[in-house]
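Visitor: Fit chain B to the given chain A structure using the hints.
For the protein sequence lines, the chains are A and B, in the order given.
Under the working numbering, the first residue of the first sequence carries the number 1, and numbering increases by one thereafter.
Under the working numbering, the first residue of the second sequence carries the number 1, and numbering increases by one thereafter.
These are computed hints drawn from the structure, not numbers from a lab.
Worth double-checking, as some hints may not be accurate.
Said to hold, decoys possible - Which stretches of chain A does chain B cover? Using the computed rule of at least three CB atoms under 8 Å from a CB of chain B, they are:
| id | region |
| --- | --- |
| 1 | 1-11 |
| 2 | 17-24 |
| 3 | 124-130 |
| 4 | 141-153 |
| 5 | 185-191 |
Every residue, glycine too, gets a C-beta built ideally from N, C-alpha and C.
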Amino acid sequence: MNEDDVRTLLDDAVSDVEPRPGLDAIRERTARADRSRSTWLWAGLGAAAAVVVVVGAVAVLGDSSPSPSAGPAAVGPSSPGAPATTTTGRPSAAAGATTVVPVYYVGATRQGQRLFREFHPAPAGDPFSVAADDAVRGNAADPDYRSAWPAGTTLNHAQLSEGVLSVDLGGPVRDRPATMDAATARLALQQLVRTVQGVAQQSVPVTFLVDGSPASTVLGVDTRQPVAATGDDQLAQVQIDDPVDGATVGKTFTVRGRAAGFEANVQWELKQGDTIVKRGFTTAQECCTLAPYEFKVEGVQPGDYTLVVHDEDASDGEGTGPSQDTKRVTVTE
Amino acid sequence: MASRGDETLEDLYAAHFRGLVRLAMLLVADVGTAEEVVQDAFVAMHRRWSRLREPDKALAYLRQSVVNGARSSLRRRGVRERHAALVRVEEGVLPGADEHALVAERRAAVLDAMQSLSARQREVLALRYYLDLSEAEIARTLGISQGAVKSHASRGVAALRERMEDL
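Isolated chain A, as found in the complex:
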């Protein structure tokens, strides 16, 4: 079999593939994407999105005694009493094989770029690779979040094996691109460190490989030693875990997340455009460290809203404090 034979074989193998017209679907998705960028990601997941909401809540509860060295609290496939992906009404075909993983993305805050967390469904068989792949690809549900990795980065494999957490990357990842600053490069690595540590629920440093071999640098960052999670100041100081961006909720719904505000104060507003429909405040469980908070928003009229949670009262009633997270929610009867 020579090269031309291979050419003929491959050509022939797919010569009868006539895709259904996809332009309308693409147009619809890009139109929606323009309006509310990435909600479509969740549209196709259906019940899986519900898993995320439920589990997000569990994960936050599990976060009740955070310590800076404990790494990100999150839900792993083997965690005791792990959320039961069975709490969904998902068809049994997929339910047994699905877990939920934390994925860390980069988002802008007034302090600069920080890490934000989302929960995504993943097959139980390879949760590390899927979580790391999502982090690298930047397919966050929240359009404010993105991947810091350069285009063309691929995730070959991520795993926890004999106590060693490793991430194997492909693509142009050894050197830092000219357009990327050093802080962003470090944050990109932290995205993956936090993600796989979160899946493993262990704070062991992470070994970086490129195309299967140990890499001395990744994005110009020294990776001859495994990379540890840097301090919690890399994390956004206010985060909403639940509801997820684009979620549909009832007239009364619960908001959960993590915040590290002054005196543990957490402020929130529910807005339609610039109009504040409801507002309130609560306190996180601890001051001055990233700690869970939870509050209820009650009796909201059906419609589309933006939920804003932030860590300081805005004196003029218009703006928001220095750290915030926002989610778009649709309220139904």
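Guide: Positioned in the frame of chain A, the structure of chain B alone reads:
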């Protein structure tokens, strides 16, 4: 009025959608998945339009997204299900004496053989022998060296040959 981005999206769709779905088919061996992967690639390209601008860059980006998306979807689908899908394909085309069935069987066998290769070998073969990209273009698309492209190609062809001769 359609923005320039939309016009180009439509041009690229008209010129490349079918070819990219076929490329994806060689990578994932499932039409529905292949269509999804390519749609995802177009949506992602649209989102990055301001940075891509030129149709050449956009096409390169599409190819790269298709390869990466195919890889991700195989990973998500899991080995068990992937195998099941292949078995189904084979059962669906089992012995029929007519020529049509034989052709279908051969096509399924090629897709099956492609699935038995490593991800890199499969990607290199599809880009080189289906899309006829140069070694340099393949190296850029996959983010590997040209030397690696050469070695994946020769090992991939050898493995494919072996699989096809087994039949």
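Visitor: Are the hints correct? Go through all of them and say.
Guide: Here is how each hint holds up against the structure:
Counting residues of the region 1-11 of chain A whose CB lies closer than 8 Å to any CB of chain B gives 7, so the stated coverage by that chain holds, three being the minimum. Under a criterion of three residues with beta carbons nearer than 8 Å to beta carbons of chain B, the stated coverage of the region 17-24 of chain A is upheld, 6 such residues being counted. Using a Cβ-Cβ cut-off of 8 Å, 4 residues of the region 124-130 of chain A lie near chain B, which meets the minimum of three, so the contact claim holds. Three residues within the 8 Å Cβ limit are the bar, and the region 141-153 of chain A against chain B gives 3, so the coverage statement holds.
Under the rule that three or more residues need a Cβ within less than 8 Å of chain B, the assignment of the region 185-191 of chain A is violated, with 0 such residues.
When held up to the earlier numbered hints, the structure conflicts with hint 5 and nothing else.
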